[in-house]
Amino acid sequence: MSHSNEHHHESFFKKYLFSTDHKIIGMQYLFTGMFMGLIGGFLVYAFRMQLAFPGISVPGFGVVTESGYNALVTNHGAVMIFWFAMPVLIAAFGNYLIPLMIGCDDMVFPRLNRLSYQIFLLSAIILIISFFVKNGGFGGAWTAYPPLSAKAEYNLTPMGAPLWLIAVALEFVAFLIGGINFITTLMNSRAKGMKMYDIPMVVWMIVIASILFMASVGPLIAGAAMLLFDQLIGTAFYDAAKGGDPLLWQHLFWFFGHPEVYVVLLPTMGMVVEVMTTFSRKKLFGYKTFLYSTFFTGILSFVVWAHHQFVAGIDPRMANIFTVTTLLISVPIAEICFLMIATLYGGSIELKTPMLFALAFVAEFIIGGVTGIYLGSSGMDIYFHDTYFVVAHFHYTFVPIAIIGLFTGIYYWFPKMFGKMMCDTLGKIHFWGTIISFNFIFIPLFFLGMAGEHRRIYNYQNFPDLNTVGLFDLRKLATVSLLVMLAFQAVFFYNFIRSLIKGEKAPANPWKANTLEWQAPSPPPHGNFAELPEVYRGPYEFGVPGRDQDYWPQNQPN
Amino acid sequence: MSNNHASENHTAEHHEHPNYKKVYITLLVLLAISVLGPMIGIKALTLITAFGIAIVKAYMVAANFMHLKFEKKYINYFILTCLALMIFFFFAIAPDIMKWEGRNWKGIRPEISHESINGHGHH
Ligand code: HEM
Ligand SMILES: [Cu+2]
Numbered sequence: 001m002s003h004s005n006e007h008h009h010e011s012f013f014k015k016y017l018f019s020t021d022h023k024i025i026g027m028q029y030l031f032t033g034m035f036m037g038l039i040g041g042f043l044v045y046a047f048r049m050q051l052a053f054p055g056i057s058v059p060g061f062g063v064v065t066e067s068g069y070n071a072l073v074t075n076h077g078a079v080m081i082f083w084f085a086m087p088v089l090i091a092a093f094g095n096y097l098i099p100l101m102i103g104c105d106d107m108v109f110p111r112l113n114r115l116s117y118q119i120f121l122l123s124a125i126i127l128i129i130s131f132f133v134k135n136g137g138f139g140g141a142w143t144a145y146p147p148l149s150a151k152a153e154y155n156l157t158p159m160g161a162p163l164w165l166i167a168v169a170l171e172f173v174a175f176l177i178g179g180i181n182f183i184t185t186l187m188n189s190r191a192k193g194m195k196m197y198d199i200p201m202v203v204w205m206i207v208i209a210s211i212l213f214m215a216s217v218g219p220l221i222a223g224a225a226m227l228l229f230d231q232l233i234g235t236a237f238y239d240a241a242k243g244g245d246p247l248l249w250q251h252l253f254w255f256f257g258h259p260e261v262y263v264v265l266l267p268t269m270g271m272v273v274e275v276m277t278t279f280s281r282k283k284l285f286g287y288k289t290f291l292y293s294t295f296f297t298g299i300l301s302f303v304v305w306a307h308h309q310f311v312a313g314i315d316p317r318m319a320n321i322f323t324v325t326t327l328l329i330s331v332p333i334a335e336i337c338f339l340m341i342a343t344l345y346g347g348s349i350e351l352k353t354p355m356l357f358a359l360a361f362v363a364e365f366i367i368g369g370v371t372g373i374y375l376g377s378s379g380m381d382i383y384f385h386d387t388y389f390v391v392a393h394f395h396y397t398f399v400p401i402a403i404i405g406l407f408t409g410i411y412y413w414f415p416k417m418f419g420k421m422m423c424d425t426l427g428k429i430h431f432w433g434t435i436i437s438f439n440f441i442f443i444p445l446f447f448l449g450m451a452g453e454h455r456r457i458y459n460y461q462n463f464p465d466l467n468t469v470g471l472f473d474l475r476k477l478a479t480v481s482l483l484v485m486l487a488f489q490a491v492f493f494y495n496f497i498r499s500l501i502k503g504e505k506a507p508a509n510p511w512k513a514n515t516l517e518w519q520a521p522s523p524p525p526h527g528n529f530a531e532l533p534e535v536y537r538g539p540y541e542f543g544v545p546g547r548d549q550d551y552w553p554q555n556q557p558n
Numbered sequence: 001m002s003n004n005h006a007s008e009n010h011t012a013e014h015h016e017h018p019n020y021k022k023v024y025i026t027l028l029v030l031l032a033i034s035v036l037g038p039m040i041g042i043k044a045l046t047l048i049t050a051f052g053i054a055i056v057k058a059y060m061v062a063a064n065f066m067h068l069k070f071e072k073k074y075i076n077y078f079i080l081t082c083l084a085l086m087i088f089f090f091f092a093i094a095p096d097i098m099k100w101e102g103r104n105w106k107g108i109r110p111e112i113s114h115e116s117i118n119g120h121g122h123h
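From first to last, the protein sequence lines are chains A and B. Going by our numbering, the letters in the first sequence line up with residues 1 to 558, in that order. Going by our numbering, the letters in the second sequence line up with residues 1 to 123, in that order.
Each hint should be verified, as a subset may be incorrect.
To be verified - A short list of chain A residues far from chain B (calculated; beta carbon distances all over 10 Å): (1) Asp245; (2) Phe255; (3) Gly257; (4) Ile314; (5) Arg317; (6) Gln519; (7) Ala530.
To be verified - DMTMM-like cross-link-like pairs, simulated, lysine to aspartate or glutamate; straight-line CA separation at most 25 Å: (8) B:Lys72 <-> A:Asp198; (9) A:Lys192 <-> B:Asp96; (10) A:Lys195 <-> B:Glu71.
Keep in mind the hints are simulated off the structure, nothing from the lab. Just so it is clear, CB atoms sit at the ideal spot from N, CA and C, and this is done for glycine as well.
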């Protein structure tokens, strides 16, 4: 429980490193996550260069070896999901936004909140250390399937593998602690008058995501402990030769891994809703339908996991069940996309940078969803499994979720976070550069996949069918587009820093939005509100007939 | 927490504290029973004393020591949902995992009949 007026003059360390203020913790997560995102980007740069130009010495990295390639892919995937998407989308925006948007002064457990960040930081440090130990980082893919992951003889990284696993486990602990805080805060500290259906959608989404995470991660933590035992003290939970079963790991992993996609998807969907309603001046179409569709998606996400194992030798009777549940989940998700489009219909749309990113999210994410329909059918998946078609499919969901979602959030809340406006023109340059190059990375990968290019292969010259000029041209197109995309991120960082230093000063409510965070000063002081707000209505009352203003803040008494 | 909630919560938070000593002693008695149960040597009784009592003890710890008894209603729904998911999970992976009689923890290699695999034996 925090008391806002007790902390006045604090030392730099107390204020920025060991702060219990949810806003500072949110920023710490944001910057750590973005830094890790850059690492993930660097790793993908190294191995995409190897794929397009096999054997060259990659500038800034060196020659990519066979086992080095495995470590690069593994850590790219793990870093992007666990150390970039999750910390930024859930922890950073969740910490920053939840107390502000529900109108209270801090999280219910501020010190637990700080502990969560510290454990997360520790996990990131251990992960980075694992790159530099004997034989380098772990190379058994982010899914860590045994037996490859279980024995140093197979994965050749006697230190890298356990360190990787410990880092992942610590990261889970950090997010469990953080999630508990989010859930209790939403349930107990809402502003006076804020009813369930007055809660802004992004807050709902982050909290539901935390619940999904809580409910799914248990089996994996248990599984990871068993894997660690297999690695270090010679147990045989997953060793078929000694009576264990590697399929057990796959079940434990994907029971977590599939809901995990929704854990990162929901916060982004929430941010997109906030931005879309504000920049089209429209009420969210079907608030309750949206909310219940998400609940339904959440529950369903727990009963689809085995679609990742159609060709792993699972009982074929189960493949039928899981095909049906997988296709079923596209119903609520499609519904949510329609609700977003219906919200735009007839609105007075203003194409500022955050809005561009929000719109791009829907467009690109639909491509990811539609290509998932093919993979969800067990028959088709037998052909497509582990090809670059799959890689392209899940990046058409993950890049919109993680990268587009991050930029939607940052461009929208930057004025609140730092009290300065960002340059819109630079934002638009960054937007178009990122979106166009992103599509040119992954569209070629669909065709490579259909041509039979299997993933996790280090040098396609070894396979006559894949060693053709046409296929290498596609690979080069993807890699060059990646370089373009990375280059355009420099525009973003320039804009970010320039705006911090000499951006125009931001008013409290630059976008004329309704939610409570915009009613606090920019940036909000410790304790957030001079006086805790009282809520009179839902968050999306734009363009209400008979009022002279086109917006109606939640805390304005009529 | 913000002040405006303090008055509302006042009555709710002053629930009766559980009698920790009584719960503790009950737990000890149950523990003794579950240790003595197997000594009688009846298989069905052992199952009841071991697993049945474990469930009762887990409930008592969660309800009293972890204060779940005094939580809001939705905690129960949450626990029930998790339980349902766990049961679904168990039965969905059982056909893959439980192929051999449960000796896996001993690390003994399962005896695979070569006749059933190759379709012919050697006599
Ligand atoms: C735009 C930049 C990105 C590019 C060019 C890219 C490229 C790739 C490629 C080519 C692979 C497959 C390598 C292989 O199977 O041999 C891969 C794997 C993967 N990527 Fe990305 N990626 C990008 C961003 C992301 C993001 C933002 C995420 C998640 C938030 C992500 C998550 C993953 C995961 C989970 C894997 C699987 C790793 C494994 O199999 O162990 N990627 N990426
Ligand atoms: Cu899945």
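Structure-based check of each hint:
1. Asp245: It is violated; Asp245 (chain A) is separated from chain B by about 5 Å at its closest Cβ, not greater than 10 Å.
2. Phe255: 6 Å, violated
3. Gly257: 13 Å, holds
4. Ile314: 5 Å, violated
5. Arg317: 7 Å, violated
6. Gln519: It holds; Gln519 (chain A) is separated from chain B by about 16 Å at its closest Cβ, greater than 10 Å.
7. Ala530: 13 Å, holds
8. B:Lys72 <-> A:Asp198: 21 Å, holds
9. A:Lys192 <-> B:Asp96: 52 Å, violated
10. A:Lys195 <-> B:Glu71: 20 Å, holds
Hint check: violations occur at hints 1, 2, 4, 5, 9; the rest are consistent with the structure.
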